[in-house]
Each structure stands twice: as structure tokens, then as C-alpha cells.
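2 protein chains.
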Amino acid sequence: MSCPLCVPPEPERILWRDAQCRVIDAGEAGYPGYCRVVWGAHVREMTDLAPPERTRLLEVVCGVESALRALLEPVKINLASLGNYVPHLHWHVIARFPDDPHYPDAIWAPARRQGSARPLDREALRAALVRHLGPGI
Amino acid sequence: MSCPLCVPPEPERILWRDAQCRVIDAGEAGYPGYCRVVWGAHVREMTDLAPPERTRLLEVVCGVESALRALLEPVKINLASLGNYVPHLHWHVIARFPDDPHYPDAIWAPARRQGSARPLDREALRAALVRHLGPGI
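Those sequence lines, one after another, are chains P and S.
The opening position of the first sequence corresponds to residue 1 in this note's numbering, with each subsequent residue numbered one higher.
The opening position of the second sequence corresponds to residue 1001 in this note's numbering, with each subsequent residue numbered one higher.
It is possible that some hints are incorrect.
[Said to hold, decoys possible] Covered stretches of chain S, as calculated for chain P (at least 3 residues, CB under 8 Å): (1) 1011-1019; (2) 1023-1030; (3) 1052-1060; (4) 1067-1078; (5) 1095-1106.
Worth flagging that the hints you see were computed from the coordinates, not collected in a lab.
Predicted model only: the values in this text are computed from it and were never measured.
We treat Cβ as the ideally placed atom computed from N, Cα and C, and that holds for glycine.
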């Protein structure tokens, strides 16, 4: 069985990338400010990376957090590396709002409401990522 | 309203600490290998920390991950910084097993089963944390 983060079954909405990782729009309904940061190599856990790689991945995660905060002013940012279904190291970076489908619960809890449509300008997000992370490749 | 991570309403089960943060046993039923890493100062988000502090906090989170992996050999580690209820920077570090209450879902999803009792030797965990993080204070 191939890994869907090594060989994506559908084209990903890539927002930014460098030689080591990529930032993709998660495309989750009700969550316009939801990105995933995917490490390129197929490793399972943060501690499977060398310490400088861990620091670099955190730097990218924090760059995404900064871009989302600047653009959307969310009430909270949620960060998570779970990988129970897809054990290829990736981070969820999620801008949270009081009117989103699950707030104040985690997005993996049952939904509390439909959530209001909150538009996100994807090009503005790309530009904010470049501001916080540099041009990428 | 005071912050329960600044002024804990009950004594915490502290496993390790240094001048900047502490590691506590989350005491969650069905999850013996579930720790929280709490940053001492009351800040909301990772990007409210200076970059060296972010790196240090990640180092502690990864030290806890390493200790849990060495001690329990979980099938997966879950890491998360959410804070929707308690917006004081803290990380969940959770050892996951196929027979735990929520696997393969996130622990915030509805439970799938009661989960089997998996004993954890708290003193062995303390010793593993010291091995991976140093003596602390």
C-alpha cells in the first residue's frame, strides 16, 4: 500500500514548498485557515528526524502559524502531529474561530454547528507564507 | 478568572521541570503514556515565544516523546498544542496503542472502546525523562 503523502492520490493544493517540506491547503469544509505541513521524507515521528531537521520543521510550522495569524486574526491556533491513519510526519496548523464547526473543541471532536463561511484569499495566504518563510522553491 | 496552568486548582503530578517549563502526568484514563508539557509563562501561542524559546520547548516535547517511545514502544506518538479551553501554551504528548480508547482516531474524537489497562511505572518514566532531558531542577 503506498503512502498518500509520498504519492498523493489527487493533486495537492500546494501553497509553499522548499527542498525539505511543503505546505498544503487542507481544503477542510468550515476551515479556510487550515494548512498541513508535510515533511518530504517518509518518517513517522518528530524524533525520527535529526534535531536540526526538527527545528527546521518547527520553523516552517511557526511560519504558517504567523501567516495565518497575520491574515485571519484567529482566536487560537491549533497545532498537531498525529498520523494515526497516515504515519508520515505532517503537521496540522489550524486557525480557530468561535463560530467554526467545532470550537472550542478540537476539530476531531463531533461538530457543534455548521460553521459560518469565512472566505480566505489563497493568493494572500501564499504571499503571507513567502513573507514569513522566504520564497521557497 | 485565574488560569489553571498558572495557578493549578489541584496539585499537579510533576514528572520533570526546569526553569522554563514542566512535564506533568496528564492522568487521563486509558492513557498511561500521556504527558503535558507546560510552558511556565502565560503566553498563548508558539509564535508568542522568541525563536530560541520555541526551539527549547520543542526539545522538551521531543525529549518526552523519546522517553515514552523508549519505555512503552507505542505504535504512534501524538503531539498537539490546542489551548482552546485553556489558552496557556502547553503540549499534549500522547503514546498511542491499537487497543487504547480512541485508536486510530484522535483522543478528542468519541471513544471506540474502553481500552485495556496498560500499566506505567511512573518512576521509570521520571528516570527516562532525566536520561533524555537532563536532571532538571
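Taking the hints in turn, this is what the structure says about them:
no. : hint      : in the structure
1   : 1011-1019 : violated (count 0)
2   : 1023-1030 : violated (count 0)
3   : 1052-1060 : holds (count 4)
4   : 1067-1078 : holds (count 4)
5   : 1095-1106 : holds (count 5)
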